[in-house]
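Following the hints, complete the assembly by docking chain D onto the known chain C.
Going line by line, the protein sequences match chains C and D.
The first sequence maps to residues 10 to 349 in this note's numbering.
The second sequence maps to residues 10 to 349 in this note's numbering.
Treat the hints with caution; some may be incorrect.
The list cannot tell twin chains apart, which means a pair is met if one copy fits it or any two copies do.
What the hints assert, rightly or not - List of simulated lysine-lysine pairs, DSS-like, C-alpha gap at most 30 Å: (1) Lys-301 / Lys-242; (2) Lys-261 / Lys-183; (3) Lys-261 / Lys-242; (4) Lys-301 / Lys-237; (5) Lys-331 / Lys-102; (6) Lys-184 / Lys-261.
No wet-lab data here; the hints were simulated from the structure.
2 protein chains.
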Amino acid sequence: MKVAINGFGTIGKRVADAISKQPDMEVIGVSKTRPNYEALIAIKKKYKLYVPRDKIRAFEDHGIEVSGAIEELISRADIVIDATPAGVGARNKDLYIKLGKPAIFQGGERSEVADISFNAMSNYEKALGKRYVRVVSCNTTGLLRIISVLEETFGVRSVFATIIRRGADPKEIKKGPINAITLDPPHIPSHHAIDVQRVLPHIPILTVALAVPTTLMHVHVVRIELSKEATVKDIIEVIEKAPRILLIEAEKHSIKSTAELIEWARDLGRSRYDIPELVIWRDTISITNGRKLTLVQGIHQESIVIPENVDAIRAILKIVTKARDSMRITDENLGLKRWW
Amino acid sequence: MKVAINGFGTIGKRVADAISKQPDMEVIGVSKTRPNYEALIAIKKKYKLYVPRDKIRAFEDHGIEVSGAIEELISRADIVIDATPAGVGARNKDLYIKLGKPAIFQGGERSEVADISFNAMSNYEKALGKRYVRVVSCNTTGLLRIISVLEETFGVRSVFATIIRRGADPKEIKKGPINAITLDPPHIPSHHAIDVQRVLPHIPILTVALAVPTTLMHVHVVRIELSKEATVKDIIEVIEKAPRILLIEAEKHSIKSTAELIEWARDLGRSRYDIPELVIWRDTISITNGRKLTLVQGIHQESIVIPENVDAIRAILKIVTKARDSMRITDENLGLKRWW
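Next up, chain C with everything else stripped away, as it sits in the complex (with noise of 0.2 Å):
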């Protein structure tokens, strides 16, 4: 299957390089509007690059070899990634409807861009064959992993989650805060708990967000009712079985923050030091009253979404159609945890 990817950032960089490592879809080119350091990895690593009609000049003049205009990439697809700022997908939908393209688009869009709000693990099926899909952000995608995970074991009764944002992401120069602790809304609930109901309408969910002064990793203190009586242990069980959740030992492998699990990441060997998993800290896993679970989590929001794309164009193209075989071939080829 023919992928372009149009927006080459944080996201769809990300996206290609995922793409190219699966044996089922190729990346028929990627897009840029700006000449900028992004758009010379682009085709360092053997990218087509196709920019906006009127800016071929620019990028030439800048010594960027250029395959052609935006639309002649799209025309050319099967399917596009649109990964391009927040709001401006909305605004590339119209392209795609003429040039009669499905395609993905990513949290930062309305609910509204999209036929279906999707996470893999949560509503795969749902999405199968359908033309718009919109892969829901990093901290929404991090708090359906473990509800879905723990709903088909225990059930869920209701969630509480405390969504530590990070204030930017490590190449974002001008965002803050820089010394500050942000209501990030200044209001309850924040978008996360809404995002998680287009996914999982009948879970009750509350979310509280703030952003603070750092880069690595947002980080979540979920408080979830269980539906039946859980211990630590059978909860430890569940997670360690289940696709793209890690447990991490703070105290045994002092992990004890996002700088220590990055610079893990980065002594791995992972590429750009992405953990597209969902990190939980198994020591912070905590029952009380037999069904009240408590623990705090880590989401790379750079990478987290980027196995859920590659899984949203096998379930809109109707490659595969169960989500565990899906997510099995993604993770295999991306080299997440063996979960399978």
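Chain D in isolation, oriented as in the chain C frame:
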């Protein structure tokens, strides 16, 4: 009443200034162990400075006037505020016993150092006439204030709080994290829950704490299950009348972060931009299921325990027997929120 301030650092210098403004007590001297800028500030503010006997020469070599050895300061006092670094207070206790002086310790000490752990709104009357009192730490003080106020009107069935700690105080140059979210501690519950229960043993409470790269304030996401149903309006009415709790408008006044809150305190001309009141963002006050309250609150870690230290003096020496009477005198003279 003659008060000795043992330790003139973050807490000690503020307690000294606060006591100086009260009508029923006076600072007879403060102590320092190093001849740094804070020792110079003590002299500039006309506090008599006492130092370890073997360091008198070193201070004088720095051109800092010394009034005597620390033992002399303690022996002349009616009561001692121990504001030395965590753990040092317990070692000082022998001296206070030897010289027959009651003392107030800070929350960094283990609870065993004192006869009682103290918060003015929660258990003032239980501290009357006690010899050794420990004022609980900043985060615990913030939790106790909101719990005590709500308990009085609505009853409190359980508390769950996520504590987002500032990594270091503004003056601390060797502490972190500088780009991480740290599980601090990497297990559940954090000591704050245990410390709340030292003061209010009947409250079921769980706390999770993380440290982030900021210096200004701690922030708590607090979830309280009330015994009685309440509306957001009910909650606001009770908090508006409560001592030492400020309600802040995030949207209306554009104070959506700790940075804007501190800027507001600076603009108000508050000494050292201190905010000894607990700050609650009104916009975040939410009720679900009739009895589950969620809110976000800010704690100025350098100053929130200052009024409590003043009240603890009155409780130990039985100058005032009712909590509200002591708090009114303290707050009126410190220029805090008018609630009386």
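Structure-based check of each hint:
1. Lys-301 / Lys-242: both (14 Å within a copy, 29 Å between copies)
2. Lys-261 / Lys-183: Between copies only: 25 Å across, 37 Å inside.
3. Lys-261 / Lys-242: Within one copy only: 17 Å inside a chain, 47 Å across chains, cut-off 30 Å.
4. Lys-301 / Lys-237: Both: 10 Å inside a copy, 22 Å across copies.
5. Lys-331 / Lys-102: Within. Shortest intra-copy distance 27 Å satisfies the 30 Å Cα cut-off; inter-copy 68 Å does not.
6. Lys-184 / Lys-261: Answer is between: at 23 Å across copies they meet the 30 Å cutoff, but 35 Å inside does not.
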